[in-house]
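With the hints as constraints, model all of the structure from the sequences given.
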Amino acid sequence: MNTTTSTEQKVLMRIRNLVKHFPVKIGAYGEKAAVVHAVDDVSFDIFRGETLGLVGESGCGKSTTGFSLLQLYRPSSGSIEYEGTDLVRLKEKELRPIRKRIQIVFQDPYSTLNPRMTIGEAIAEPIKVHELLPTKEIPARVSKLLTDVGLDPNVGNRYPHEFSGGQRQRICIARALASEPEFVVCDEPISALDVSIQAQIVNLLMDIQEKYKLTYLFIAHDLAVVRHISDRVVVMYLGKIMEIATKDDLFGNPRHPYTKALLTAVPEPDPDRELQRKRIILSGDVSNAIDPPSGCRFHPRCRFAAPACSVSKVELQDLGNGHLVACNRLAEIGDQI
Amino acid sequence: MATLLEVKNLETRFKVRSGFIYAVNGVSFSLDKGEMLGVVGESGCGKSVTMMSLIKLLPPAAQITNGSVKLEGTELTTLNKKELNAVRGARVGMIFQDPMTSLNPFLKIGLQLAEGLVYHKKMTMAEALKRSAAYLDMVGISNSAHRLNEYPHQLSGGMRQRVMIAMALLSEPDLVIADEPTTALDVTIQAQIVELVKDLRTKLNTSIIWITHDLSLLAGMVDRIMVMYGGAIVEEAVLGDIYKDPRHPYTIGLLNSIPRLSASNSKRLSTIGGAPPNLFVKPTSCPFAPRCKYKLDRCEKENPVLATVPGASSDSRHRVACWADVRDKK
Numbered sequence: 210m211n212t213t214t215s216t217e218q219k220v221l222m223r224i225r226n227l228v229k230h231f232p233v234k235i236g237a238y239g240e241k242a243a244v245v246h247a248v249d250d251v252s253f254d255i256f257r258g259e260t261l262g263l264v265g266e267s268g269c270g271k272s273t274t275g276f277s278l279l280q281l282y283r284p285s286s287g288s289i290e291y292e293g294t295d296l297v298r299l300k301e302k303e304l305r306p307i308r309k310r311i312q313i314v315f316q317d318p319y320s321t322l323n324p325r326m327t328i329g330e331a332i333a334e335p336i337k338v339h340e341l342l343p344t345k346e347i348p349a350r351v352s353k354l355l356t357d358v359g360l361d362p363n364v365g366n367r368y369p370h371e372f373s374g375g376q377r378q379r380i381c382i383a384r385a386l387a388s389e390p391e392f393v394v395c396d397e398p399i400s401a402l403d404v405s406i407q408a409q410i411v412n413l414l415m416d417i418q419e420k421y422k423l424t425y426l427f428i429a430h431d432l433a434v435v436r437h438i439s440d441r442v443v444v445m446y447l448g449k450i451m452e453i454a455t456k457d458d459l460f461g462n463p464r465h466p467y468t469k470a471l472l473t474a475v476p477e478p479d480p481d482r483e484l485q486r487k488r489i490i491l492s493g494d495v496s497n498a499i500d501p502p503s504g505c506r507f508h509p510r511c512r513f514a515a516p517a518c519s520v521s522k523v524e525l526q527d528l529g530n531g532h533l534v535a536c537n538r539l540a541e542i543g544d545q546i
Numbered sequence: 245m246a247t248l249l250e251v252k253n254l255e256t257r258f259k260v261r262s263g264f265i266y267a268v269n270g271v272s273f274s275l276d277k278g279e280m281l282g283v284v285g286e287s288g289c290g291k292s293v294t295m296m297s298l299i300k301l302l303p304p305a306a307q308i309t310n311g312s313v314k315l316e317g318t319e320l321t322t323l324n325k326k327e328l329n330a331v332r333g334a335r336v337g338m339i340f341q342d343p344m345t346s347l348n349p350f351l352k353i354g355l356q357l358a359e360g361l362v363y364h365k366k367m368t369m370a371e372a373l374k375r376s377a378a379y380l381d382m383v384g385i386s387n388s389a390h391r392l393n394e395y396p397h398q399l400s401g402g403m404r405q406r407v408m409i410a411m412a413l414l415s416e417p418d419l420v421i422a423d424e425p426t427t428a429l430d431v432t433i434q435a436q437i438v439e440l441v442k443d444l445r446t447k448l449n450t451s452i453i454w455i456t457h458d459l460s461l462l463a464g465m466v467d468r469i470m471v472m473y474g475g476a477i478v479e480e481a482v483l484g485d486i487y488k489d490p491r492h493p494y495t496i497g498l499l500n501s502i503p504r505l506s507a508s509n510s511k512r513l514s515t516i517g518g519a520p521p522n523l524f525v526k527p528t529s530c531p532f533a534p535r536c537k538y539k540l541d542r543c544e545k546e547n548p549v550l551a552t553v554p555g556a557s558s559d560s561r562h563r564v565a566c567w568a569d570v571r572d573k574k
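Just so you know, the sequences run in chain order A and B. All residue numbers for the first sequence refer to the numbering used here, where the first residue is 210 and numbers rise by one. All residue numbers for the second sequence refer to the numbering used here, where the first residue is 245 and numbers rise by one.
Honestly, I wouldn't trust all of these hints.
Below, simulated DSSO-like cross-link-like pairs (lysine-lysine); rule was C-alpha separation at most 30 angstroms, straight line [what the hints assert, rightly or not]: (1) 488(B) - 469(A); (2) 420(A) - 259(B); (3) 526(B) - 259(B); (4) 511(B) - 219(A).
Since the hints were derived computationally from the structure, they do not count as laboratory data.
Next up, the structure:
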């Protein structure tokens with residue numbers, strides 16, 4: 210992707226002020242009502258043909274964001290514009306024809322395949338539901354999809370338990386491709402796989418993207434994989450976006466203290482580097498999303514935090530070249546980061 | 245340095261309905277006092293079962309069919325349950341992967357910590373609680389006296405893992421076995437725990453075996469690394485040599501398939517084809533042969549022995565189980 214022309218690129222999805230709150234009951238008897246602020250006022254664009262990485266620690270709202278884009282969760286407020294239509298306003302029935310264009314690959318290929326359906330049936334399901342092909346042509350299409358994801362085209366009558374984790378993830382990818390989508394959310398698609406299998410699936414996702422001209426939202430916590438596969442990256446913390454940038458800017462020149470800490474926490478398979486490296490160790494844990502910190506949500510763990518950070522509102526600032534950062538002390542921090 | 249642990253030819257299998265799963269097939273290694281050993285491999289490679297076999301912390305279906313485990317000269321495989329209990333938690337401490345399920349949700353943190361001291365060290369409860377509080381301070385849990393009266397659910401995942409670490413260290417064991425202690429944690433919390441363990445290790449001079457699937461994690465942490473595959477050690481060496489001069493095709497493949505944070509290219513990752521073996525049959529040839537691109541005829545007939553790498557210096561302790569010499573083919 211050519212990073213300098215990002216403004217001219219065609220926007221596939223425009224997400225504005227997305228909010229998703231989950232009402233919960235807390236207390237020993239569930240007597241107190243509370244709200245989990247899973248995603249709080251998040252805005253970003255997804256360009257056609259790109260891979261947008263979405264990273265953050267558990268509970269930061271990255272999966273909730275992905276699910277909300279697909280309307281698997283109906284957002285509490287905000288808009289998700291897809292090809293000029295605001296998906297949030299559509300009724301379930303009106304969404305149906307759009308659903309085939311927006312698909313998902315889940316994290317765990319063990320629990321997302323029905324054990325009583327053959328994999329051929331599983332892959333054919335979206336084709337049948339959306340009535341994309343006459344019944345006679347479905348078997349040939351299933352074989353083609355199986356070949357595309359690197360499996361033997363004749364295994365369609367087997368059941369999920371006969372396959373390894375990596376093969377199952379290939380099946381899930383074939384199923385996502387069956388309805389010929391243009392946008393696929395990959396929700397931690399390799400986290401549940403063995404190390405030697407992860408690289409196979411990453412390569413497959415990249416090949417498939419080229420072949421089917423797909424746009425990906427790639428959700429992951431493994432930053433090295435995200436750097437490898439993404440064009441641009443969004444960093445989330447506790448329901449808010451901290452930083453958005455092209456991958457070279459984000460990994461080469463991170464401007465948010467949280468991004469910086471996250472990057473230094475990732476180990477590399479190189480002892481010389483590791484033993485010399487200066488790590489920024491964040492103190493404490495991620496705060497609670499039921500009662501998130503006031504002001505900047507990261508301020509309790511930030512080494513640059515000033516008293517004002519716990520009070521004043523933080524907005525994303527544009528540093529140019531599509532590099533957005535949500536930090537009020539950017540100027541003071543400067544190169545100390 | 246003095247040897248703490250000497251394992252010879254260990255074999256462990258599981259009885260299942262259709263026969264046996266041969267999880268550990270002839271593992272031999274030693275560990276020095278104060279040494280930190282990293283054990284790396286994929287799920288099902290036998291890394292956890294090997295280490296749990298040392299203190300027989302195994303499910304009922306498991307059988308140790310061969311081998312010896314000597315902890316400072318004491319043979320552990322022949323101990324009865326009572327004798328083993330005097331070793332577990334006292335001379336050998338454990339840290340498990342999931343601090344959520346390895347703490348009892350019904351008992352206060354203090355009681356769970358102190359229990360071991362009362363049992364092993366015959367302390368009174370008051371003494372044991374006092375010492376527990378001191379160890380909570382040491383692992384970075386503030387307000388420790390108050391924490392003793394809390395229940396596990398009141399702590400975050402990272403805090404619970406700190407409690408597990410305190411628990412493992414409380415009775416001043418010679419050896420701590422840490423089984424993927426950071427896998428369930430977020431990367432910033434993982435960094436906290438790694439720094440803590442490195443720091444404690446220099447303070448207490450405890451030997452540590454750190455089991456993981458993450459080669460990157462070990463790079464800044466351990467003295468020596470053992471790579472396991474199909475229930476056997478395929479390669480071992482001091483830290484640097486595993487990364488700079490790997491000699492087993494599996495180690496090489498694994499290192500090449502890891503994307504690096506410092507590299508910005510988006511070329512295809514190199515992969516290891518195929519999938520890890522199932523171990524329903526005891527391997528009689530190299531378990532990695534079906535996936536190996538340097539495979540020789542011999543590899544499919546004979547199981548390679550773990551032998552010193554040709555040309556390795558004696559202090560690199562570099563051993564590899566491979567018939568093909570892949571030195572120049574990387």
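Structure-based check of all given hints:
At roughly 28 angstroms between alpha-carbon atoms, residue 488(B) and residue 469(A) fall within 30 angstroms of each other, so this suggested pair holds. Our distance criterion of 30 angstroms between C-alpha atoms is broken by residue 420(A) and residue 259(B), whose separation comes to about 47 angstroms. Under the criterion of a C-alpha separation no larger than 30 angstroms, the hint pairing residue 526(B) with residue 259(B) is consistent with the structure, at around 13 angstroms. Pair hint residue 511(B) plus residue 219(A) holds up; C-alpha atoms about 25 angstroms apart against a cutoff of 30 angstroms.
This entry does not satisfy hint 2, going by the numbered hints stated previously; all others are met.
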